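Chains as they are written, first to last, in our numbering: chain A, 1 to 299; chain B, 1001 to 1299; chain C, 2001 to 2299; chain D, 3001 to 3299.
A portion of the hints provided could be inaccurate.
As the list claims (entries may be wrong) - Dumping the calculated DSS-like pairs for lysine-lysine here, alpha-carbon to alpha-carbon at most 30 angstroms:
#, chain 1, residue 1, chain 2, residue 2
1, D, Lys3193, C, Lys2193
2, A, Lys196, B, Lys1196
3, D, Lys3093, D, Lys3234
4, B, Lys1193, A, Lys196
5, C, Lys2196, D, Lys3196
6, D, Lys3196, C, Lys2193
7, D, Lys3096, C, Lys2193
8, A, Lys193, B, Lys1196
9, A, Lys193, B, Lys1096
Derived from the structure by calculation, the hints contain no laboratory data. The structure displayed is predicted, hence computed values, not measured ones.
There are 4 protein chains.
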Amino acid sequence: MTLSRRGAIVGFGGVAEHGHLPGWLRADGFEIVAVVDPSPARRAAAEARLPKARTSAVLDGLFDATEIDFVDIASPPAHHARAIEVAAALGAKYVKFWPGQDGHDYPFQADHAQIWDYAVNGVREIAEFAPQTQFAIEYKAKEPRVHITFSTAARTLLAIQEMGVSNVGIVLDFGHSLFAKETPADVLQLVHKHGKLVSVEVNDNWREWDDDLAVGTVHLIETLEFLHALRRIKWEAPILLDQFPFREDPVTAARASIRTVRALDRLLDRVDLNQLRAAQDAQDALAAQRLIQDLLLHN
Amino acid sequence: MTLSRRGAIVGFGGVAEHGHLPGWLRADGFEIVAVVDPSPARRAAAEARLPKARTSAVLDGLFDATEIDFVDIASPPAHHARAIEVAAALGAKYVKFWPGQDGHDYPFQADHAQIWDYAVNGVREIAEFAPQTQFAIEYKAKEPRVHITFSTAARTLLAIQEMGVSNVGIVLDFGHSLFAKETPADVLQLVHKHGKLVSVEVNDNWREWDDDLAVGTVHLIETLEFLHALRRIKWEAPILLDQFPFREDPVTAARASIRTVRALDRLLDRVDLNQLRAAQDAQDALAAQRLIQDLLLHN
Amino acid sequence: MTLSRRGAIVGFGGVAEHGHLPGWLRADGFEIVAVVDPSPARRAAAEARLPKARTSAVLDGLFDATEIDFVDIASPPAHHARAIEVAAALGAKYVKFWPGQDGHDYPFQADHAQIWDYAVNGVREIAEFAPQTQFAIEYKAKEPRVHITFSTAARTLLAIQEMGVSNVGIVLDFGHSLFAKETPADVLQLVHKHGKLVSVEVNDNWREWDDDLAVGTVHLIETLEFLHALRRIKWEAPILLDQFPFREDPVTAARASIRTVRALDRLLDRVDLNQLRAAQDAQDALAAQRLIQDLLLHN
Amino acid sequence: MTLSRRGAIVGFGGVAEHGHLPGWLRADGFEIVAVVDPSPARRAAAEARLPKARTSAVLDGLFDATEIDFVDIASPPAHHARAIEVAAALGAKYVKFWPGQDGHDYPFQADHAQIWDYAVNGVREIAEFAPQTQFAIEYKAKEPRVHITFSTAARTLLAIQEMGVSNVGIVLDFGHSLFAKETPADVLQLVHKHGKLVSVEVNDNWREWDDDLAVGTVHLIETLEFLHALRRIKWEAPILLDQFPFREDPVTAARASIRTVRALDRLLDRVDLNQLRAAQDAQDALAAQRLIQDLLLHN
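Here chain A stands alone, though its shape is the one from the complex (with noise of 0.2 angstroms):
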């Protein structure tokens, strides 16, 4: 790859440093031009990983939009207005939360009326600050909050149903439905059909846990049910990988997922639509069934 994305990270602490940054630097074809962080320790941090990127205490003026493409903000919450501002102005599609900590662990710990409340007017107040700003809730079902708030997509679309504002959808990732016991194609579309689908991960897990396996490694059939799904409604978005691997190589994790969603492609290109549109007409889920493994089978 001969050209690289050019990116900025906004907030240098533990999470920037070990968790992000390794990341960047292994992939092919990104590369960190600027860090932006307030405290001169940690800039000194930065600049000892990367000599060649500016640093910065304040966020003004460092970049303008034609030489970043992307920004990953890891800065704590009270820095978050004004890194959303930033991202606006540099051109980011979206904003998305992702509310892990909004939630309660034990009985009787919360007012579950006042909690919801808290989550729902948070994120008005802050889609009313950038009313030009796209956002989006990435829910999940639990971890790091053992009941997180937004736990599935029917929650969240009620949430967003009662913030009133138009500029609040949500991140569909599969294995995050799966996990909150939803069916993936069947979310997907109620998320559409309410028009809040901002964004499309993928990823696979044992439905208990967050696992971030890479993609149809476990629930083959139903990732490509997914992907089906994304066709019905011409989502001609980006699919954004979310996974996670402890134990093996990010990049070739990376490649085999996008190798394995490339084939299930091209496997949908193959599937009798007539067919597959009688089948579920006629609720016969045998014959339904049939045209995919047919297909993944070689019969």
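Fit chains B, C and D to the supplied structure of chain A, relying on the hints for placement.
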């Protein structure tokens, strides 16, 4: 109990004879005084089991509201509309749906958007047919369908919104909520906030199936939290039991559950609500837990 | 199929009449030629349903091994010992236990040490009663008991060791294994290593219940891994289907599963076992996956 | 507490510095007096954090049994054998394994028979290396491995039998047992029956993950049943806490759990054991439950 409640069974198939009737016969304070079924053979079966009851091939004119206290509708779907009319004429407070067959079992079996529309439109049609009748959907994650469309409180609220009718609400079954990986006290607030709470049922299970165990036997603290949430929304209507003791005597099991609900209710009188509120406002899970454990553990 | 297998039903209660018989009547290649039941009324019921079958109040002398191919034991527990004798006389390869009622439902209900002893001693007693007969326990995590004593392969192996008899083994049901949170190919190796594998059954489910779906419809890759593990232990005996199509035609569903098993078997012929071995020796999960995905996805 | 327990940390990598040390520093009654690490940089880090502690590049001669009360082994696997020798010399009662990395993540990744042998042989080798030392395996269903080899009590007992050594037992963690879909009081009896119970740990979770919550906060009745089972086997050794309060103060959380365990213990003094035995002998679940609920609910 000196005064029995008098009921009619509408539709006397196998479910009514072998599933419903034995319960009515064993329970104190209930009497089945009328059976309606178009089949002479089924009426004969009813007469053999209930010599004092009147039987009839048609609903009309058989009974009037003054002598019947409740109607047990056990007829097949094609006859439901007529049964609803009669229930309404008799002053039934609500008619409950349990759409346990709506959904899918296999990947690729369903066009999920179509299945959702069927479910939403079907209930809307009935609701519009009888606009004076209150309906309620009892959601459940699965069984008998492996994936039921109305699986959680939030999905059912979204569906009810889409129906655009005002006479459909929700039956919140504590065990179905556990089984759907919800926090029952949390979804109680959510359904109440939307003004859709029609009925409440209690029981217990192990969070993986609708075991329909006696109340408070596994999730004692969460049952207490649920009863506390019912007080907070000033629920005055009955709290129903929906348990299914496979091996225990049903009447003994019902009495055990009633006894537990009453004891939990007395315990709630002793919770210091100001301290609980303070702990919840401070997100102090351990302080909230201590209030409850002190009561249960006699500290 | 020109030659039918001839069977006898021993015990013609409701389970046999309504649960077993309809299946035999619908299936190709099977004929019920004899029914044994001590009750005249039940024999009359059998004669009404099976005009050509012989009926008898007692087992002895009714049939001999040359004309009966299989026995469907549907009598209550008190009669099992006698039925085992007859099955042995007829040359049955093994007698299967499914102790789905042994266990507990509630906390504090059971003295767990006592319950374990009951389960172990009960099976041992039967095994010692018929030392020439091979028995096999089909373990299952739950249903109908909420917690079944013989819930996993490992617990059952421990129990069999404690029995100290040589004629009790295990029926390994793929779906029960998924449902017990096991990896089926893993426990297959474990049971085989202990020399206790008596029979193997396949189907599929969603890992939370014994849904008894058609083979390979949800866990296609794990089914392939299971068939691969069966090859590795050189399993030559039949692979049985244990599925329960609630809404699908049972014969169509059985044919679909047989077709899938055969196609997966053909696919296994094409796996490069040296490469697979190399990937496994290197703990290279992605390389192992790639071998399999290349086959399924036509890469 | 006037007298502190004095400990040494062996291996001062990131886990020790950021994971272990902060806990020791905050806890009352503990003091880290020595740190062993071969790296000068790591020893310098230790000295910066623990100015009063002695540091050393090697284990030998650093400390003797009279002045060290406990050893926190945080060195990498290659150094474990040496650390075990030292722990033994210091009089450690047992050395615990938590083989959370042994297992597999993906289908087809592992030759399950090989993985099992690795796990069994690895522990056997260590046990034979130090035959005077008692070892104990803390089984867990998953995390960090998605499927851990020693996942349940029964699998671990089978593995220990296969090792053929007498100095390997089990650490039974209440929460790991819930999470493995076991009944903790049941497997306690099973492990005890095999003479392999080495240590017991308590905490709580939501049965789907090792949430490590404070004791009795979710499964109060099962915790009581577990403590009852400990009395029945006359367990006299300490009951350890293994909890991980993400958001709560760790010392407050530990005190809350200790308080709950003590209160449950007092409650057990008041259970009528003859009545409980009679209810269990009769398999009368409701009578057994009533005994417990009467205590908890002040009936």
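The hints, checked one at a time:
Restraint check: the Cα-Cα separation between Lys3193(D) and Lys2193(C) comes to about 24 angstroms, which is no more than 30 angstroms; the hinted pair holds. Restraint check for Lys196(A) and Lys1196(B): the C-alpha separation of about 24 angstroms stays at or below 30 angstroms, so the hint holds. Between Lys3093(D) and Lys3234(D), the direct Cα distance comes to roughly 19 angstroms. Compliance with the 30 angstroms bound is thereby established for this hinted pair. A hinted pair counts as satisfied when its Cα atoms are at most 30 angstroms apart, and Lys1193(B) with Lys196(A) qualifies at roughly 22 angstroms.
The hinted pair formed by Lys2196(C) and Lys3196(D) meets the criterion: a straight-line CA distance of about 24 angstroms does not exceed 30 angstroms. About 22 angstroms separates the Cα atoms of Lys3196(D) and Lys2193(C), which keeps this hinted pair within 30 angstroms; it holds. Of the supplied pair hints, the one linking Lys3096(D) and Lys2193(C) holds, its CA atoms being roughly 27 angstroms apart against a limit of 30 angstroms. A C-alpha spacing of about 22 angstroms is found between Lys193(A) and Lys1196(B), which places the hinted pair at or below 30 angstroms, so the restraint holds.
A C-alpha spacing of about 27 angstroms is found between Lys193(A) and Lys1096(B), which places the hinted pair at or below 30 angstroms, so the restraint holds.
Of the numbered hints listed earlier, not one is contradicted by the structure.
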